[in-house]
Amino acid sequence: MFPVCADPSLLSGLDWFSCYLTTPKHLAFFESFGLVMLLIAVVAPVALAIGFAAAVASRSASPLLSLPGRGYIALARGVPDIVFFLFVPIALDQGFEYLRYLMICPDQPDGVWQGNNFLVCSAAKLPLSTAAPIWHSVYGFGLAVISFGLVFGAFAGNVLAGSFKAVPIAQIQTGASFGMTQSQIFRRILVPQMWVFALPGLSNLWQILIKATPLLFLLGLQDIVYWARELGSSKTSIYAYPHPDWRLYYFGFLLIFYLGLTAISEVAYKRIMARLSRGQATLAGSGKTGLRGGV
Amino acid sequence: MKSLLIAGLLTALSINIATADTVRMGTEGAYPPYNFINDKKEVDGFERHLGDELCKRANLTCVWVVNEWDSIIPNLLAGNYDTIIAGMSITDERDKVIDFTQAYYPPAPSFYVALDGANADLKSGVIAAQTGTIQAGHVAATGATLVEFATPDETIAAVRNGEADAVLADSDYLAPIIKESGGKLVQVGEVYLGDGIGLGVRETDTALKEKMNKAITSMKQDGSLNKLLVKWFGADVKTY
Amino acid sequence: MPVRARRGCGVVFNGMNACFDTIQAYGLRAIGIGERLLPKTDITLCEQMVLIGSGLIWNVYFGVLAIGFGFWFAIGLSLGRQSRFAALRLVSSGFVFLFRGSPLFIQCFFAYEAFVLLPKIGITIDLGLVVIDASTGWFTKAWAGALFVLFCNTAAYSSEIFSGALQSVPNGQIEAARASGMTRFQIFRRVMFPNMLRLAWPAYMNEAIFLFHSTTLVFFSGFPAWRQEGDALYYASYFAEKTFNPFVPYPIVAGYFILLTLVIIAVFTITGGYLNRSLPQERRVKPRFRLLMWR
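Chains as they are written, first to last, in our numbering: chain A, 32 to 326; chain B, 78 to 317; chain C, 26 to 320.
Isolated chain A, as found in the complex (with noise of 0.2 Å):
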């Protein structure tokens, strides 16, 4: 970075930390917390969009919606994200490839399994081998937003399931005596009422999406602990910055990291739940102050 970074071996003291710490590989450690903000701002509204998909369907009439759509929610309960997450992001690929495998070359002679081998032909690959390195991580950017976008779409339909219900009865039976059709009760009672309701769950569900980050690296990304657990071990001197095992400094700066963006977004969670409470008919939106109370 700096001209005096040219031979590190003859640095010491600070120096020698301004240039560790601007080497190429510590700036793409910096990059990558933009990375896992960059998933969890794509992974919300996937989420949300597939968990309101999910919560519908598991309140239609027909058992055909219904059922699917509660298995869906009820399954992600029952499993740990983690064994989702070993699983998925494999069988979306070859998921992918297959139905490519079917577009492009269908008449491929040993088909797609060969033995233990998954093998599509190299035009029905993804991305293709001789892409450009940037597609690469992109494609595997991209299963890891599906991946979490589902783990995390199953759990935003458990809350958003519980709001509907949680909206007042009598609300819908005044729509319903207005003479409004399912559908308009739906758009017009039903979603921008439930939204109060469902706030403190989606709020929770932001903070474990947070904390499920860390099993990016899972999923084969170079994310914060990948570049953690890389920068912090022990290094001889065949490498430029040699020094012993670092790893529980590194780890220390994740945690930093994680306490800080728990804290913010619990500040943004006050704000903006006080915000959407202001006039409406709850404890919070009448003005007092709660429950407290008590010894």
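All the pointers check out, no bait thrown in.
Here are the simulated lysine-lysine pairs, BS3-like style, with alpha carbons at most 25 Å apart:
#1 K133(B) <-> K297(B)
#2 K256(B) <-> K315(B)
#3 K117(B) <-> K308(B)
#4 K291(B) <-> K308(B)
#5 K308(B) <-> K256(B)
#6 K56(A) <-> K118(B)
#7 K315(B) <-> K304(B)
#8 K56(A) <-> K117(B)
#9 K267(C) <-> K173(B)
#10 K133(B) <-> K117(B)
#11 K65(C) <-> K200(B)
#12 K133(B) <-> K291(B)
#13 K200(B) <-> K166(C)
#14 K291(B) <-> K304(B)
#15 K133(B) <-> K118(B)
#16 K304(B) <-> K133(B)
#17 K133(B) <-> K308(B)
#18 K173(B) <-> K65(C)
What the hints contain is simulated information worked out from the structure, not anything from laboratory work.
Please build the complex by placing chains B and C on the supplied structure of chain A, with the hints as guidance.
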């Protein structure tokens, strides 16, 4: 006439492009001096230089891909890269699932390394090894207590902090660590495992295997492989 | 045709016989009883089922003990957060923030790294403390170290639930207890505690489910597996690595965890009924499957 010439040139060019296939080279990037990620964020080490030379001789365009050791074979099988060049010893167990080229690194001993003066018992003590390595398999089969870590670096840390009595790993990985430990770590035993190190390829990829085999042979014949070995592993290394 | 059917039966019967042998060899492998070497080649479905099931012993061990001990610590923390002493309030809330604000994955990693440093410090401080050295060494083993992390983690999350429940205890009941001359301790023991439990129970069940799921992280981050003794996910990833097929072992883990979740729901529903026994039917707090925690 002129256009014919251009067409001819174009054909020659396109043939050239067709033969220079892109091959994705999968490595771990955490096993110096075989392979590691240097401070410039590039894959570096013996295998990087060997791989680039092999690709040049086989007329292939090579791209480097870093993958966790745990899933390095499944990702080869899934076609996420085309070769494994990650200090992987040739063993019967692995040979059932993937194919290996001829060895580019002769069979070398694995070292047991312990703290100086610790008097480690290799037969019944606690031995650290990286998960999924031939060394882990070997320790599990002896009477010793195997303790597994995800990365090679953690196995060394375990010996340093007294978690494990000794670590079993490739001698060339351990040699620089012993040298730079200032006498704290010593070699306390050795054992020969595997049939050397080769490139892993899918069993269906015979063409790539042949190309790589030919390139390795040519590097063995003109002595350039030996030069690389000495450069990365020191003068004591076994050569061809 | 009948011949064929009989042969089919024979195969099944032999398969079951072999499976009984496998259960004998590997049923308790996760706690070091049985065959020492894990299956390496020609891995059968039975071997995967049995070994992954044996790994579940660890998940149950971690889950039951962490919740069992963490319950009492959580109550202490919730009381500490409402204490008259500012120092106690600060320490308790700080603890809860630390463990709720960071990913368990990082906590495990961090704790292991910190625990391995313990004996070193012990040795430099005093040579006479041999017993304490030995006991600090335990914390680098998953059975004690990871249990400690999970214990702290669940205590922090549960304390958040209990605090909320404590604040929702009806004021009238406490006033009535005060009027009838109960001491502060009696009020807590007889009025606030039972009410708190009753109100917190549904949310506490969710926390229990999440904690059981989180136990799969132990051998995935930080804590190494000794003698190839690990939890369900450890064996699943072992098989995924040996068979190169993730589509068998991971769904097996998922299946086991769905069963485990059903057991937890049953246990909590039964105890919840007991907690609500004194209330009329319509005022009981029903277990609702809702996401109320972060992790």
